[in-house]
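Each chain, letter by letter, is given below.
Number of protein chains: 4
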Amino acid sequence: MKLEISASLNYRLSEPVDLMLQIEAAVGHGQQVVESSLDLGNPEFVSRVPAVDGLCEPIWLRASGTLRAEYRAAVVVDRPAVDFRTLPEVALHRLPSAVVPYLNESRYCPSNKFHAFVERRFGEHEGGSKIARMRDWIESRFTYLPGTSDADTGALDSFVERRGVCRDYAHVMIALARAAHIPARMASVYALGVDPQDFHAIVEVYLDGGWYMVDATGMARPEGTARICVGRDAADVAFLTAYRAIELVEQRVSVKELVDA
Amino acid sequence: MKLEISASLNYRLSEPVDLMLQIEAAVGHGQQVVESSLDLGNPEFVSRVPAVDGLCEPIWLRASGTLRAEYRAAVVVDRPAVDFRTLPEVALHRLPSAVVPYLNESRYCPSNKFHAFVERRFGEHEGGSKIARMRDWIESRFTYLPGTSDADTGALDSFVERRGVCRDYAHVMIALARAAHIPARMASVYALGVDPQDFHAIVEVYLDGGWYMVDATGMARPEGTARICVGRDAADVAFLTAYRAIELVEQRVSVKELVDA
Amino acid sequence: MKLEISASLNYRLSEPVDLMLQIEAAVGHGQQVVESSLDLGNPEFVSRVPAVDGLCEPIWLRASGTLRAEYRAAVVVDRPAVDFRTLPEVALHRLPSAVVPYLNESRYCPSNKFHAFVERRFGEHEGGSKIARMRDWIESRFTYLPGTSDADTGALDSFVERRGVCRDYAHVMIALARAAHIPARMASVYALGVDPQDFHAIVEVYLDGGWYMVDATGMARPEGTARICVGRDAADVAFLTAYRAIELVEQRVSVKELVDA
Amino acid sequence: MKLEISASLNYRLSEPVDLMLQIEAAVGHGQQVVESSLDLGNPEFVSRVPAVDGLCEPIWLRASGTLRAEYRAAVVVDRPAVDFRTLPEVALHRLPSAVVPYLNESRYCPSNKFHAFVERRFGEHEGGSKIARMRDWIESRFTYLPGTSDADTGALDSFVERRGVCRDYAHVMIALARAAHIPARMASVYALGVDPQDFHAIVEVYLDGGWYMVDATGMARPEGTARICVGRDAADVAFLTAYRAIELVEQRVSVKELVDA
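Residue numbers (this note's numbering), protein chains in the order written: chain U, 1 to 261; chain S, 1 to 261; chain A, 1 to 261; chain Z, 1 to 261.
Watch out, some of these pointers could steer you wrong.
Okay, the calculated beta carbon distance ranges per label pair [what the hints assert, rightly or not]: (1) Leu38/S / Ser6/A: 46 to 56 angstroms; (2) Asn42/U / Thr86/S: 19 to 29 angstroms; (3) Val249/A / Lys256/S: 33 to 43 angstroms; (4) Ser6/S / Glu247/A: 29 to 39 angstroms; (5) Arg120/U / Ser14/Z: 57 to 67 angstroms; (6) Ala98/S / Asn42/U: 24 to 34 angstroms; (7) Ser6/S / Tyr144/U: 47 to 57 angstroms; (8) Ser6/A / Arg120/U: 13 to 23 angstroms; (9) Arg79/S / Ser97/U: 19 to 29 angstroms; (10) Glu139/A / Ala98/S: 30 to 40 angstroms; (11) Pro50/U / Glu247/A: 19 to 29 angstroms.
Bear in mind the hints are in silico, worked out from the structure with no lab data behind them. Predicted model only: the values in this text are computed from it and were never measured. Ideal placement from N, C-alpha and C gives every residue a C-beta, glycine not left out.
Can you build the whole structure from these sequences, using the hints too?
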């Protein structure tokens, strides 16, 4: 599937500020960026950071007055259609070392607290089947409700409150997966079907030797999803991190299917 | 300085359990492991995980009945004596990508909450001088008090309660450093001067292009400290992670200076 | 039913300390204290505080060196056997003002977070029937596990962790009831059936114009329970509050049925 | 001093909802309500709840479609000008029982965590002098910043973040006072000097046998302050509690000094 992606950011900066931008679709890993442009105006400074995880390439900016970023891309998503529900989990001692940190608790996912619940509720299932049941459980019990969570809301709160936005759904999904000793991470993505259109956050779980996309909100499907970057949770994958207070003026994201004539 | 290190772990396992062990002194990075032995008895399974960070090499075990681990090593610490207090900080956009995650909030270090305090209290200082003042501030205001914190205690609690053990001191130090946009991570170590002797946790801050050790408890000095492994906070560097409940029988750590005849 | 109650407290005090003791069975409200004795040794100071809620009469002590308290009582419990499951709830605007505070969030019971869960899970039921289903839900999903919670553990943690002791069960029960707009409070009690024997905490809910006992642990029954005092949650009903650090030496509680010859 | 007070509330209700309103200046206790009117439109139901604390008289409403409340009053504040800084604290065992609950931890004020800080920072002072130093400490270190806290923000967060609005200042003040074993409660008030004008929250501390007003924000003075009601913290004194989600349309508060011709 071919996606036409655009993102437009406009922020007011009352003083010079360092910013980190993570808004470009990643190269490889089941997606090809066939065209892209990024216009950042004239910041004082721009540099790309070579990506550690082989996915994202964050951009450091230093700007004052205004931050404007206009990103456009055409991305062909060609990751194989795999039904993760049938995949086995990987024995702990066979996990690659790069995967192990995604078993650990993180800022928004204090997963150890969920052991008893996960054991009791999903303990009879395994691997992809277990992940699928966790996902369905979250989607059926939570209400997607913008404005009810903030930068301090973690999986513990969301699990109790049964509501939130994509990042909250993802945090609970990650916490449940890790509590079952299945590595899980957050991916920031552009995806078809996200309503209202915006940057989106989903989960990737490690099964059968690879990472598989899971969206607890049910809005995105792997074939219509372009990864931006991955990390332990929302603390790692923000599309924009400002190292001083800044003010949103406007922000727009659009993801459409491109049907070649 | 040459350190004679021993660690002895004895746990009761009521059922077969996967365990991850991180108790060996790391190779390189200012320390040479001149001799070492690790006796793990006869677990069902043992495998080493090649280290991602170039420091630690965790061991996966699967055991039942009992876990016994006897580790002995002689380690020559030869890291150069550097006074980090005079070192400059690195501009954000010059941070290597592998260092950037250590700016982010983590499980026990919600550093964004500390911005205003850090700006007000330490804002006029920079780099190593700022770190030194943060360290001194913590040491002078906190009381080292075993038994007052647990696996759920984070930097927010410790900052208010003004007490804890090495990991709590380290979490507050990390939170303050990151709030000042200086990368900081936790290192698990063996160190001379830790009283009572035990596994110890300190902080490493990124200044002037390298990682420097800081111990907010004031007990350990870099020249008497052997790194085991590093991570974002205590969620990453546990010496023993059990993927089922286990029961401590006995545990002993000893670190002595070896004076060659 | 007639209960023979004894409680024995022995604490070491390293300096003079103010203490508040709430260990005497309350007078009235469905129970008669037919005999009682309280031996407090020779503290520097003792005074009783006339009870606000008409139930408990806390004792202030000032002591040094040692606190010893020996309480013995025979209590006839004669509260009418009422099946609260059939009782209606009281319309909010008909709640007496003394009852209204028990709708509010408290230290350990941030009940507003539970609205969506309660509405979804128990929304089709009402009054006593709703309370009964909440109680059964907790008992069937939680594991009674001493040592897994502490003075900082609230209903949010316990709801996620699905384990704890009587006070944790009670906090979750209170949070669920208040989230359904049914007033709920904690009662400290002596009760038959508590294993191991100790001070016990249960919940009282306000239905049909009165307070009714509910024990989410399933251990205590109203006819075998003698109230000590009530409050919003564990922050109010501690059997012993010390205004300096003190050290437990020994503590024993015994509750038996007295069968008159 | 004579105050001219008006408050106007306008909320949209998408379904019939129970509401509790606490917006009328209290009668007595250092203030006389010389004139007042309250127009609630035509709700389905209105009832006043006789006040427990002798201060506030909450109103229960049941309304649908719209909630409009127009309150106007002239209040003469005649509480004696007392400098609380010179007042002694009351020995714990001499506290009236109605005052004791204000020593306990509450929803937003987990005061026990602040013991070490309070002992170290303010331990050499006593009574009103200690309270004054706590107040000054908060005012000088915190920034009044609307929009940075919400209904979930407690004293722990605010103490670390060093910012917030009146309720956050009050929660930290209450936590510090209780940590020093001085009873403290929250009062909702109308006050001259609050900028921007709004419902305001201050603290009352129990010293020398009475309750004294303390405003950590420094905006309100006792002689220009009319109490509405008091409680353990913000969980008790909300001017409007809705037992279903409602939507703010408009809200205005005005407090002026009335100078009689």
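Each hint, compared with the structure:
Distance hint for Leu38/S and Ser6/A: a CB-CB separation of about 54 angstroms, consistent with the stated range 46 to 56 angstroms. Between Asn42/U and Thr86/S the beta carbon distance is about 36 angstroms. The supplied range of 19 to 29 angstroms is therefore violated. The given range of 33 to 43 angstroms is respected by Val249/A and Lys256/S, whose C-beta atoms sit roughly 37 angstroms from each other. At roughly 33 angstroms, the beta carbons of Ser6/S and Glu247/A sit within the given window of 29 to 39 angstroms.
Between Arg120/U and Ser14/Z the beta carbons are some 37 angstroms apart, a value that contradicts the proposed interval 57 to 67 angstroms. The supplied range of 24 to 34 angstroms is met by Ala98/S and Asn42/U, whose beta-carbon atoms lie about 29 angstroms from each other. Checked against the hint of 47 to 57 angstroms, the pair Ser6/S and Tyr144/U passes, with Cβ atoms roughly 55 angstroms apart. Between Ser6/A and Arg120/U the C-beta distance comes to about 38 angstroms, which lies outside the given range of 13 to 23 angstroms.
Checked against the given bound of 19 to 29 angstroms, the beta carbons of Arg79/S and Ser97/U, roughly 24 angstroms apart, stay inside it. Checked against the given bound of 30 to 40 angstroms, the beta carbons of Glu139/A and Ala98/S, roughly 50 angstroms apart, lie outside it. Range check, Pro50/U to Glu247/A: Cβ separation about 57 angstroms, and the 19 to 29 angstroms hint is violated.
Hint check: violations occur at hints 2, 5, 8, 10, 11; the rest are consistent with the structure.
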